[in-house]
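Engineer: If you read the protein sequences in the order shown, they are chains H and A.
The numbering of the first sequence is the working numbering, which starts it at 1 and goes up by one.
The numbering of the second sequence is the working numbering, which starts it at 159 and goes up by one.
Because the hints were derived from the structure by calculation, they are not lab data.
From the three backbone atoms N, C-alpha and C, an ideal C-beta is built for every residue, glycine too.
Be a bit skeptical, because a hint or two may be false.
What the hints assert, rightly or not - When the alpha-carbon atoms are kept at most 27 Å apart in a straight line, the in silico BS3-like pairs for lysine-lysine are as follows:
(1) 3(H) <-> 426(A)
(2) 390(A) <-> 439(A)
(3) 741(A) <-> 565(A)
(4) 561(A) <-> 401(A)
(5) 599(A) <-> 464(A)
(6) 505(A) <-> 565(A)
(7) 464(A) <-> 502(A)
(8) 737(A) <-> 128(H)
(9) 390(A) <-> 561(A)
(10) 453(A) <-> 439(A)
(11) 3(H) <-> 401(A)
(12) 701(A) <-> 128(H)
Said to hold, decoys possible - One side of the interface only, derived from the structure: several residues of chain H facing chain A at Cβ under 10 Å:
(13) 34
(14) 35
(15) 54
(16) 56
(17) 128
(18) 131
(19) 138
(20) 139
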Amino acid sequence: MTKTIRFCLNGKPTTLETDGERTLLWVLRGDLGLTGTKFGCGEGTCGACTVVVNGQAVRSCTVPVSSVDGAEVITIEGLARDGTLHPLQQAFVEHGGFQCGYCTPGMVMNAYALLRANPKPSREAIVKGMEDNLCRCGAHQRIIAAIEDVARGKGGAS
Amino acid sequence: MTEHRGIDRREFVKIVGGGVVVLVSVGPSALLAQDRRRVYPEDLNAYLRIGEDGRVTVFTGKIEMGQGVMTSQAQMVAEELRVALSAVEMVMGDTDRCPWDMGTFGSLTTRMFGPVLRAAAAEARAVMLRLASEKLGVPRSKLVVADGVVSVAGDPSKRVTYGDLAKGRRILRTVDDKAVLRKASELTVMGTSPQRLDAHGKVTGGAQYAGDIRRPGMLYACVLRPPAHGAKLTRLDTGAAAKLPGVTIVDQDGLVAALHADPEAAAKALARIDASWETPKPPFDSETVFEHLVKVAGPGEVVSAKGDVAAARKTAARVFESIYHKGYVAHAPIEPHTAVAEFKDGKVTIWASTQTPFPTRDRIAGELGLATENVRVITPFVGGGFGGKSAGLQASEAARLAKITGKPVQVRFSRGEEFFYDTFDPAAVVELATALDGAGKITLWDYHVIAAGDRGAELFYDTPNVSIRVSGAWRGEGTGLHLFGVGPWRAPGANMNIFAKESQVDIMASAARIDPVELRLRNMTDERMRRVLQAAAEAYGWKPRVAPAATGRGRGVACGIDAGSYVALIADVTVDREKGTVKVERVVAAQEMGVVANPEGAKMQMEGCITQGLGYALAEELRFRGGEILDRNFDTYQLPRFSWVPRIETVLVRNDDLAPQGGGEPAIVPMGAVIANAVFDATGVRFFRLPMTADRVRAALAKAQEPAPKPA
């Protein structure tokens, strides 16, 4: 059923006429051309497709696009401003918090929501908050260090 | 392997344009003969170009899948050519633009390809110096070069840039591998850890993977899959699916697919295809596979023998006999196999997530009846491979479907397909009989590995009586060993072999009441191995003690050799006796890998190995019943998560006398043994099967606590 869906995407008002039952992931990647958000498992078990909806980390492969009607959506493409990396992105770069990079957009967005909810998380809270994002290359230790740096205010405020 | 024609030289000079182009031609030199395979059968192995803007473009058949070679290769070129790293651009894995390459695997990029690339860059530097000498009218011996600028020593105002020297030129040079490389002590770009070239793209979402390629009119294909390997299609009705708007159905030569401009609509159409299958009765499953392997693998072949194992067995005071098991392990890269194929003017271009762009091109050319020059494979960033993206069914399917439909087609495996068509690390068995004399010297090593192959089976202890027998290669082709695909998995076979070997050494150490580090040192003379073991022990703060402590906390040690590198790991674990869970608290890893091209990159690979190794040690084992794969997603097939990850401390043991060795695989190979040894120390219970899942640990601990049966 085609419906009109209006939401704020990476700071820009966006209007779509589409079937509201379609999955947010494929609307982002297809209709909107934002391929930074990745498909990994299709069932919300890996976190590669994580985007931030109204401040919350959401697995975009499991939610219909109608669910973001009226919402504020941020994808990995929306973090850097005027070519300047977001502190989290910068920290991932500096710590080498990625290898193949495929899980990275989901990792960064999950961490972004985590820090938005709790700007000064303990290491334990970071581990717990990132637990359901999978990385097969084994960059975990460096991802935690990157998030810790931003939480401690290194490399600028988030 | 005969028809791997490189790029026609005139052709590629046309492609790359003006400037100075250096080719490297390496015959079967001593360097390449080190490897059993002839890795570079082509006469043309690498080339690079210095453009009129002074920028250096490197063309390499290798691919970037997270291992960091995009950066380390650029460092090698920057080093030898004396340009800034930022002046180097990498073109990787494009079969039309890059020289032929067998594939990116086996930790060969740095070891085997590195020297070739460095030779090309060194030759390019020599060309630049010659041109500068002519231009400045100064002998070469008086010239110095830095950051792509040649200047006169002592008179920096007399200078000329590489870009200026390359202007209007079309110079083609071919070198062999005799170019003089900079010495380890001279290196300024190699041996450092600059920001990775792929960093920005990967943290901004800009880095493109195969699934991110968009072509006009592209269709997404969902292919009909059997419920089990070996199942036969008995009935097919695509009528309902074909009626859906915008859907194209393909049913040709066994390939049945639903295609649509929207991937979800294609999946919905696939679900409407009505198919019946006849599935063979499961001959064995994930629990009974080991009996099957032992039965089918045959007696095998002795690959290494010395002394007299039969005599040593007879004279031994005690023979330690053990049988080790490990199940199938998935690669499970987060990026599933993906490819986009497009036909244009009789030529097909395929963007594929692959570790083997050239073999993929050749295979697809054969499948489609095209000349290889009419097939181009382009490899964008690959989202993890670990050996699993050497296989490329998705690329073949995308190419076939693009040909049939006349439209660009993307095939992207679902996670279920990814598990179904993975080429798993095979289940394997090791049977081992060993003995120790009164002085703590190993006197007998009678080793039989089934289905894992011989990588890592070679003994690094000095033992007079050795037999190493191998039944069934890890590839398992045509052997009847496996019901589904198996293939290379990060250090193929070595994980199993080291698990068995290094567990066995600990069993003997404990029985003889000797500290496990001490027992190892007493039995090894290989200086490289001694150095890494001692370095690990020192970094850890190892104090001699006999295992087990059986306090619920334990430590373990294990060594390994892989891809020319030596590694020793020491791990601390805690074991929850009630739950059976094993938490690895700390891993200290010492590795010696010759000259280190990029220390931070090397450490990242070691950390990745250790983290990935937690999986096969503690949780990962594919469950299957016959050809039916029971684990189809990450809900039941558990990958290591953040809470599993120990504190990892890596030590690079310096050895500048040796060219760079492999770094992507070595540190994973001792992971099974180091954790099994630590769990033994923690609990007094020895585990002979990987993974040591919580259920298995709990059951084994409960059994160990049962009172011994009374003698009848």
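Engineer: Evaluate each hint against the coordinates.
Structural biologist: Evaluated hints:
{"no.": "1", "hint": "3(H) <-> 426(A)", "verdict": "holds, 20 Å"}
{"no.": "2", "hint": "390(A) <-> 439(A)", "verdict": "holds, 12 Å"}
{"no.": "3", "hint": "741(A) <-> 565(A)", "verdict": "violated, 51 Å"}
{"no.": "4", "hint": "561(A) <-> 401(A)", "verdict": "holds, 22 Å"}
{"no.": "5", "hint": "599(A) <-> 464(A)", "verdict": "holds, 16 Å"}
{"no.": "6", "hint": "505(A) <-> 565(A)", "verdict": "holds, 13 Å"}
{"no.": "7", "hint": "464(A) <-> 502(A)", "verdict": "violated, 60 Å"}
{"no.": "8", "hint": "737(A) <-> 128(H)", "verdict": "holds, 20 Å"}
{"no.": "9", "hint": "390(A) <-> 561(A)", "verdict": "holds, 25 Å"}
{"no.": "10", "hint": "453(A) <-> 439(A)", "verdict": "holds, 19 Å"}
{"no.": "11", "hint": "3(H) <-> 401(A)", "verdict": "holds, 23 Å"}
{"no.": "12", "hint": "701(A) <-> 128(H)", "verdict": "violated, 34 Å"}
{"no.": "13", "hint": "34", "verdict": "holds, 7 Å"}
{"no.": "14", "hint": "35", "verdict": "holds, 4 Å"}
{"no.": "15", "hint": "54", "verdict": "violated, 20 Å"}
{"no.": "16", "hint": "56", "verdict": "violated, 19 Å"}
{"no.": "17", "hint": "128", "verdict": "holds, 7 Å"}
{"no.": "18", "hint": "131", "verdict": "holds, 5 Å"}
{"no.": "19", "hint": "138", "verdict": "holds, 3 Å"}
{"no.": "20", "hint": "139", "verdict": "holds, 7 Å"}
Violation of the numbered hints given earlier is confined to hints 3, 7, 12, 15 and 16; the remaining hints are satisfied by the structure.
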